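For chain A, the structure is supplied; the task is to place chain B on it using the hints.
2 protein chains.
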Amino acid sequence: MRVEIWSDIACPWCYIGKARFEKGLESFEHRADVEVVHRSFELDPGHAKDDVAPVVDMIAAKFGRSRQEALAMEEQVASHARSEGLGYRVGDRDHGNTFDIHRLLHLAKARGRQDELLSVLYRANFAEERSVYDLETLVDLAVEAGLDEAETRVLLADEDAFADEVRADEREAAELGATGVPFFVLDRRYGVSGGQPAEVFTQALEQAWQGRAITPVGGVTGDDPAATCDADGSCEIPGSHTHP
Amino acid sequence: MRVEIWSDIACPWCYIGKARFEKGLESFEHRADVEVVHRSFELDPGHAKDDVAPVVDMIAAKFGRSRQEALAMEEQVASHARSEGLGYRVGDRDHGNTFDIHRLLHLAKARGRQDELLSVLYRANFAEERSVYDLETLVDLAVEAGLDEAETRVLLADEDAFADEVRADEREAAELGATGVPFFVLDRRYGVSGGQPAEVFTQALEQAWQGRAITPVGGVTGDDPAATCDADGSCEIPGSHTHP
Chain A
1 MRVEIWSDIA CPWCYIGKAR FEKGLESFEH RADVEVVHRS FELDPGHAKD DVAPVVDMIA
61 AKFGRSRQEA LAMEEQVASH ARSEGLGYRV GDRDHGNTFD IHRLLHLAKA RGRQDELLSV
121 LYRANFAEER SVYDLETLVD LAVEAGLDEA ETRVLLADED AFADEVRADE REAAELGATG
181 VPFFVLDRRY GVSGGQPAEV FTQALEQAWQ GRAITPVGGV TGDDPAATCD ADGSCEIPGS
241 HTHP
Chain B
1 MRVEIWSDIA CPWCYIGKAR FEKGLESFEH RADVEVVHRS FELDPGHAKD DVAPVVDMIA
61 AKFGRSRQEA LAMEEQVASH ARSEGLGYRV GDRDHGNTFD IHRLLHLAKA RGRQDELLSV
121 LYRANFAEER SVYDLETLVD LAVEAGLDEA ETRVLLADED AFADEVRADE REAAELGATG
181 VPFFVLDRRY GVSGGQPAEV FTQALEQAWQ GRAITPVGGV TGDDPAATCD ADGSCEIPGS
241 HTHP
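Listed in order, the protein sequences are those of chains A and B.
First residue of the first sequence: 1, per UniProt numbering; consecutive thereafter.
First residue of the second sequence: 1, per UniProt numbering; consecutive thereafter.
Hints listed in this document are in silico derivations from the structure and should not be mistaken for laboratory results.
Some clues are possibly wrong.
One copy or any two copies: either way a pair holds, since identical chains are not told apart in the list.
Using 20 Å as the maximum straight-line C-alpha spacing, the simulated EDC-like pairs for lysine to aspartate or glutamate come out as follows [to be verified]:
| # | residue 1 | residue 2 |
| --- | --- | --- |
| 1 | 49 | 164 |
| 2 | 62 | 230 |
| 3 | 109 | 33 |
| 4 | 109 | 148 |
| 5 | 109 | 165 |
Just so you know, these numbers come straight off a predicted model, no measurement behind them.
Just chain A, with the same shape it has in the complex (with noise of 0.2 Å):
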């Protein structure tokens, strides 16, 4: 079974929501037949590249709160992220535009480290405050996840590697109706929007097993073999003897 989950370094619940789904993976029984791809979701694609500033602020600026006001907010984050476990300091996060994360995310990949890669940009982002949008700070971290330096740079330097690949995963969010993030998506037949609590996520996990069911298309089935190689040794040809 494969979930796919959609979120974004800059995504407090999606950081909640990661640990959430862990924790509900860890209490489903088929637990080891599960693989997780994690899929880009841009929050803010259109915020400028080169404009970097406090979390904080860029909250306050955009709701017409006042700082303090929107540090009173992140505690309330920090503290279901605390609940969980997951440290979660309030201060001075950044926040900016995340498209070469996704990048990077999707170079992880396809080096097999994806996943460690984005434990350790929630935890540089929301428990450390180091900044995922400085250069030298991402390079660390993803030499940290197992990448190798001199190709994380490579792959940061070109703004169109996985850029594709990015905008594809956008764009299947989208036609998958997911309108936030983090997004959970079971086989592509069950979804969970939200970080939710852990047994909603084992709910989801059960229930995903549970419909698993393919529906043959042209004459599919064991009943009527058209030319597969069967493990007695044979490969059948339709309408043909037996051929090994």
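Relative to the frame of chain A, chain B by itself:
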């Protein structure tokens, strides 16, 4: 959309089916949104690892045919392959245990070279009759597909490397009802069994594309945002005010 293809390098219909699927995919409007993943299925898992012999001899022995009859059967499959523009020599293709080849295909997947390696292996096995069961040949083929030679040798020498991944694929094939290969599964929802004509694959892709629908679990959908961060920069907490 994701298509998973269970196959074995030793299976002629998998070789032909891969070409037919790719032709069917070419005619599919949303082909840019299709991701293909190859999965492991050993046709002959009990075959001794050190027993490598010409496949026509194996056919003759197993089904009580003469070598001449076995060659005629190979010719029949070859004609199907050639009508797809595929090379297919009928002579002394080897038969053996494919477990190590499946492990290598999993390494190739982790390195983003899986489809390349599978294509190279099929061509070597069927069109060139290079023995994929010979270590040095296999290493050469891996390098042709873009894998690192040293890493390939380390993997092949360590019989546990990616062994669990091969077995997990095979377990999943059984759970999904596969009785032979090639076995194609579209978004874990629709299945095509056998190396069917290209049009069947196009039809299956269209059907799967139309049938895409996500069932929400746990109070999902846009009506009831539960702890999500939205494109407007806000992060909803259920029962609370808007928080970015």
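Next on the checklist: Taking the earlier hints as the rules, which of them does this structure contradict?
Outcome noted: No numbers; nothing is violated.
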